[in-house]
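We have chain D; now place chains F and G onto it with these hints.
The listed protein sequences derive, respectively, from chains D, F and G. Under the UniProt record's numbering, the first residue of the first sequence is numbered 1, with each subsequent residue one higher. Under the UniProt record's numbering, the first residue of the second sequence is numbered 1, with each subsequent residue one higher. Under the UniProt record's numbering, the first residue of the third sequence is numbered 1, with each subsequent residue one higher.
The set of hints was computed from the structure by calculation and includes no laboratory data. Glycine included, every Cβ here is placed at the ideal spot set by N, Cα and C. Don't take each hint at face value.
Unchecked claim - Which residues of chain D face chain G? A partial, calculated answer using Cβ under 7 angstroms:
1. Ala119
2. Ala142
3. Leu144
4. Phe165
5. Glu169
6. Thr711
7. Thr714
8. Ala716
9. Glu775
Each chain is listed here by its residues.
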Amino acid sequence: MTVTEVGSARRRKEDARLITGRTTWTENVTLPGMLHLAILRSPMAHARISSIDVSPALATKGVVEAFSGRDVADVQGALPCAWPVTEDMVLPDRPPIAVDEVKFMGEAVAVVAARSRAAALDALAAIEVDYEPLPAVLDMEAALADGADLVHADKGTNRGYTWVFDSGEAGTGGDAAAALDDAEVVIRRRYVQQRLIPAFMEPRSVVVDPTGDVYSIWSATQIPHILRFLLAAVTGTPEHKVRVIAPDVGGGFGGKLQVTPEELIAFVAAKRLGRPVKYTESRSESLVSAHHGRDVIQDVELAARRDGTVTGLRVKLMANMGAYMGLVGPGVPILGAFMYNAIYKFPAYRFECSGVFTNTTITDAYRGAGRPEATYAIERLMDELATELGLDPMEVRRRNWIKADEFPFTTVCGLQYDSGDYDKATDKAMELFGYDELRKEQEARRAEGDTVHLGIGISTYTEMCGLAPSRVLGALRYGAGGWETASVRMLPTGKVEVVTGTSPHGQGHETAWSQIVADQLGVPFEDVEVLHGDTRTSYKGLDTYGSRSLAVGGIALYNACQKVLDKAKPIAAHMLECDPADLEFAEGRFRVRGNPDGGRTLADCALAVFAAHDLPDGIEPTLDADAVYDPVNFSFPHGTHLCATEVDTETGRVSIRKYVAVDDIGRVINPLIVEGQVHGGIAQGIAQALFEEAVYDEDGNLMTGTLVDYTLPTAADLPSFVTDRTESPAPDHPLGTKGVGEAGTIASTPAVVNAIVDALRPMGVNDIAMPCTPERVWRAVQGGAA
Amino acid sequence: MTRVSMKVDGVEYEDDVEPRTLLVHHLRESLGKVGTVVGCDTSNCGACTVLMTDPEGRKQGIKSCSVLAVQADGREITTIEGLAGPDRTLHPVQRAFHEAHGLQCGFCTPGMIMAAVDLLTENPDPTEAEIREGLEGNLCRCTGYQNIVRAVREASAEIRSAGGDAEPAPPSPRAGEAQTPDSGLPRQDVPDETIPQPVP
Amino acid sequence: MIPPTFDYAAPTTVDEAISALRDAGEDAKVIAGGQSLLPLLRMRFAAPSTLVDLGGVEELRHVREDGDTIVIGAMVTHARVLRDPLVNAHVPLLAQATSTVADRQIRHRGTFAGSLAHADPAGDLPAVALVLGASLEIAGPHGRRVVPASEFFVDYLESVVAPDEVLVAVRVPKQGSWVGRYEKFNRVAQGWALVGVAALVRRENGAIAEARVGLTNMGSTPLRARRAEAALAGADSPAAVGAAAARAADDTRPSDDLLAGADYRRHLAGVLTRRAVASLA
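Next up, chain D with everything else stripped away, as it sits in the complex (with noise of 0.2 angstroms):
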């Protein structure tokens, strides 16, 4: 009996190391001779530099080097963005250390290296600015209104771009604004996604090491390919002298995926010393400099018939870029314009978006990035669609979705959602929710009078994950494409190596890599190592976000494997003396088809080409193989989440009660990851619903730049889930799989704010601003039911 990896659940390889405290983390990293780095941050939101003098810390102890931007502006190089989303887009340029103004609040001023970090510290005090106060620029609809104030005012104009979709124009679907026109029903609603902090444990932290032949840059990043690329292109240094290692990375969720100021400074900082330099950033530090993610307003119109069909709908969005572009951030919003319509047959549909500069820090992708906006909106519209047409929530939604035998289903968006079945993940979730008796209870509750209400909230989703095929992202003016790579090595002794361009900080790419490849080349998990995150070893990817590693780099990896066995056959062939066509390969073996003894293991044919003695004719004395993937179509997980919660009335505290996932993410390789991944992504949706929010105050300073101020939740403030799935496969590809790493936070936001607005609706509530802290929701209460 073959023992099959795929869908097994195996413990993670790369514990051994978390467990034990063997990590190398970027702060690890420690060189002779190295300096550390500490960086004066902007006390203000927006203020001219009138002076910068930094020679008093030159005079403090231990202190090696200090500059200004101004002192570097000529080599610093600027920022990139890889997303200009339209021709026109407003692109400003971003130096990493301030020049003439600062434009948000932690923004960097001025560098100090020291022989160590508190003598780095010490001497930031001793660096005297001078600040002139402009107006700080923080609305956004103020910022867009005539004669507002500017964050750059060489650009005239706060808007960064306007990008427009329209089913009528794209030939995709009809009309919005005639549907609104016609509809039987209107739900009109402002929406607001607050500002969050993607908030990674491991603080970001930069190694630069430019005494060898190459610039070594040790990074706690997500995309250590995409930064060796582009920080070559920004310094004008040749890519082959710069190798970026991303080490043990601990998590990211998008916030890594930056080619950061502190990066570029720590690179000119090494460069200009010629010694190695590193800086880590205190948490302090990382809340109010490290990118920011959300912050939309999004105002939504849908259109319906009196039986629950929808007909339209129409969103116009502000979305806050913060003071700069950042490397993927105009685009964030753009990735949610295919995912309003969710999983629903909208006829048409009409999506502007502007992207708009105020004095604070850059927001760009978070977990999910514009697709958990995207369901928010849908999934409270269908609510307040039901309510107001006296139907169940799931009914109208069960009327407006795809079935099962529609897929392929084109979408109203173009896009062609791939395989699912809403009704099987709904019916399972119900089920294991007890929907029904969760129903009569809160009715019984409501007629007894009790002051904590019990709500429901449901939460249907699908997303777009495998990001992306290329010419999709060439389509919506994306600075790359979308393809993955893996090589397999094939050792003399038998074991794999495995080179992968995904770059997992979290995700156990080690362990399900060596279950795919166990599986095609028929060798024991255990000998196979799995190798990443230095472009060294893996000098070509795409890295890890958007639910692509699997979904995109898997494929590439099977490929791979498949390559090898291609390779293999013809030398096995040769050993069995027999023709390749007559050989099978399973469990690790090539066999003479019908006999089952024998055969020659893939082990076999590695010696036979290491020792190279006796190959057929012609043959390359290699098994190794290298695949590139390109994903012919985005694939769409999606489910049905189910939140019951309890509300005290009296405080306005909300607790949940009962969370029910279903997830249909396609096929699983490692259902243990899949579970961590949805827990894990439930609960960050669940801290956008209940917790989080990064506060500015009137003059732009960050309120919430402590962990003490941006409350994330600990265990005690979360329940357990429960968590199911179905299994639809990805039909364009061998494996099936789909992505999870997003699902979770992208379903559960709404499923908890319709739980809580179901409970209190009876009161007079149908919205609460996220977070829904529990003033929020005693004053809803008050103001409802005055």
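Below, chains F and G alone, put in the same frame as chain D:
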């Protein structure tokens, strides 16, 4: 400079430190104990949790970012690197985190494991609610905590069935070399849900 | 982040600690558990010239019984309070409230006395000390003095302890027939109390004979809710308790800040008072 001596993971160290040196920086930078990490500057995240003896010799979980090295003078400290047994076997809590998939990126893990050991030393059979409250000083951004809670329950059961306690064996310098059991047949039967749902 | 530089003194007696403070001058700071001070130092919000560490002062580590009073030394940690038999037997309110303070690791280092000396109105234990009628023993260059908790807290992060003095012990009267409950309301488990209520009541014949209510984070110092206390006396039904509790925020001026609005805090004070008292039935 102030002279401090402390026993860390079974080894005696004596060093001169600046009084302002945080214990965690002393552990990492002077003693090379980089398994213990720093995740915040306000003592919220707990990633730096280690065990340290109190004046009566009782080992307790503390946040090494919120203790000065000079305050640890004369104390005995166990870090994640000294938790495994002298024969390089994993501590039951380490093993349970591996088995129950209680970690993803692993950055919070050293602190989370040490906090769990501390909790189980005081309360060998905690309920789910007690585990969740007991770990309220440690933040994890990856797991949603569910498998961490599961890991602590499994470790608790294992420790009790073995008749021992959670307090780690006297640390050995080789404890950091412990291995996870990666061999053998995969377990096919891991249920999605082994923890009962809390009902308020 | 790393604290700024400072000098360090490690006295082994209270007298040595006082000398060290005198030698170091005005900018010296006493450190006990350091769980409030260390984050302030790391963020460089505080920059003392010298830290005088009480960690080596053995005489401050004890809990003892003194007639009707439990005396808790300045270096007694929250964790020690939680497991101390004298505290659990005679001042169970203190143990219950202490269990809500911060988290396990911080309770292992932080001290009861230190959390009073820090005088943070958002701290949980100052309000508890108020309702328990605790008094604080302070040693200085001119000898020792004892100050009742009601006179100890001066303003936000300010107590009557002078820069050259050391809080050496907290004297907590035994609860006797009084029963108590601390209700804490925070946004996340790690969060400071938006509002906390310490309730202590004595019942006679099914009714409340006397009540004391202490409020956390309802002003710049911990407060007693005197009007609610007066109204609670004689309350003999849930309705009467509810009506009395609704007065908990009378005469208070809580802050209006990022964490909560003042009106919400006032409302919470009433709800938590009612719940705390009701739980003591």
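Here is how each hint holds up against the structure:
Because the closest C-beta pair between Ala119 of chain D and chain G is about 10 angstroms apart, greater than 7 angstroms, the hint is violated. With 7 angstroms as the threshold, the beta carbon of Ala142 of chain D stays out of range of chain G, its nearest partner Cβ sitting at about 22 angstroms, so the hint is violated. Evaluation of the Leu144 of chain D hint against chain G yields a violated restraint, the C-beta minimum of about 27 angstroms exceeding 7 angstroms. Annotation: Phe165 of chain D was flagged as interfacial toward chain G, and the flag is violated, the nearest CB pair being 38 angstroms apart, outside 7 angstroms.
Given hint, Glu169 of chain D at the interface with chain G, is violated; its Cβ is 45 angstroms from that chain's nearest Cβ, farther than 7 angstroms. This hint holds: Thr711 of chain D has a C-beta 5 angstroms from the nearest C-beta of chain G, less than the 7 angstroms allowed. For the restraint placing Thr714 of chain D at the interface with chain G, the shortest Cβ-Cβ distance is roughly 5 angstroms, inside the 7 angstroms limit, so the hint holds. With a cut of 7 angstroms, the hint placing Ala716 of chain D at the interface with chain G holds, because the nearest CB-to-CB distance is about 4 angstroms.
This hint holds: Glu775 of chain D has a C-beta 5 angstroms from the nearest C-beta of chain G, less than the 7 angstroms allowed.
Violated hints, in rising order: 1, 2, 3, 4 and 5; the structure is consistent with all others.
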